[in-house]
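Top to bottom, those sequences are chains A and B.
The numbering of the first sequence is our numbering, which starts it at 1 and goes up by one.
The numbering of the second sequence is our numbering, which starts it at 88 and goes up by one.
Honestly, the hints are just simulated from the structure, not real lab data.
Keep in mind that the hints are not guaranteed to be accurate.
[Claimed, not checked] Computed spacing ranges between beta-carbons, pair by pair:
id, chain 1, residue 1, chain 2, residue 2, range
1, B, Gly154, A, Ala75, 22 to 28 Å
2, A, Glu21, B, Gln230, 33 to 39 Å
3, A, Arg62, B, Gln216, 31 to 37 Å
4, A, Ala75, B, Pro277, 50 to 56 Å
Ideal Cβ placement from N, Cα and C applies to all residues, glycine included.
Listed below, chain by chain, are the residues.
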Amino acid sequence: MKCEELVRYLSDYIDNNLNEELRADAQEHLATCRNCHVLLDTTRLTTALYRSRGDQVLPPTRRSDLYEKIKRAVARQDAAGLEDPEV
Amino acid sequence: MRMRSETELLTEFQSSRPQAALEDLFERYADKIYRLAIGLLGDADAAEDIVQETFLAALDHRLSFVGRSSLGTWLYRIAYNAAISSLRRRREEPLSEESDESDDGDALPMPKSLGDWALTPENLLVDAQTRARLDDAAQRLPQKLRAVFLLRDVEELSTEATAEVLGLTGSAVKVRLHRARLLLREALAPAFGSPEPRGV
């Protein structure tokens with residue numbers, strides 16, 4: 001496998017979507033090509049960084065405000081008498 | 088509180104007393120939808136509006152949900168459509184269509200920065216500066232790639248669920264995810280990597 005092919009198959013390699021033959025070719029290339037090995041490691045790190053980002057949750061006060069609004073919407077539907085549907 | 092199964096949740100959600108099921112769905116998905124909306128819009132206030140819009144729309148249209156996908160996938164789809172409408176209103180110009188066309192024609196972004204990064208998977212310190220870098224890089228991605236990256240790599244949806252949310256084929260999701268990863272990696276490399284002039 002050449003570097004250009006490794007770049008093309010990189011995400012399929014990371015996500016385990018390659019067949020056995022291509023996976024073995026990719027592993028053989030990665031064992032000897034430093035640039036492609038760095039590419040693999042840093043691509044995995046990119047995803048890991050975004051997953052580790054944290055802190056993106058609804059602020060607690062906003063969360064309860066939003067939930068109250070939704071509860072009021074349910075109550076309005078109740079008042080309007082939504083029929084029990086056939087599921 | 089006992090975790091309802093998906094079937095129990097759906098039955099209750101589609102009854103005339105959806106309150107408890109909606110509360111359960113809100114607990115499970117509000118933060119996930121908030122995260123997706125921030126990622127798409129780059130704006131916390133607008134993302135809060137999307138959360139509200141999503142759950143109100145789900146309540147209004149719950150009887151039209153026929154269970155072809157999971158409830159979670161359905162909520163993500165409502166949220167995604169709401170976020171795209173919000174982007175269109177904000178920009179006052181049409182966004183590129185989310186068709187599968189043009190993915191194959193785009194040249195793959197070839198990696199240029201190939202120095203090692205001073206990070207390991209076990210030691211990822213995501214401080215305020217790093218968060219700002221991540222956000223900036225993600226916001227500079229084309230929207231159609233960003234949506235796939237957020238759903239697949241951040242929210243960890245399967246290729247199939249991501250395709251359902253975005254109305255794409257599985258292969259289009261894979262192509263876009265690959266481009267997104269390569270572009271983000273390249274954008275972040277100057278901040279984390281040592282300079283390395285050679286490309287692949």
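Quiz prompt | Violations among the numbered hints, reported as their numbers in ascending order | solution = 3
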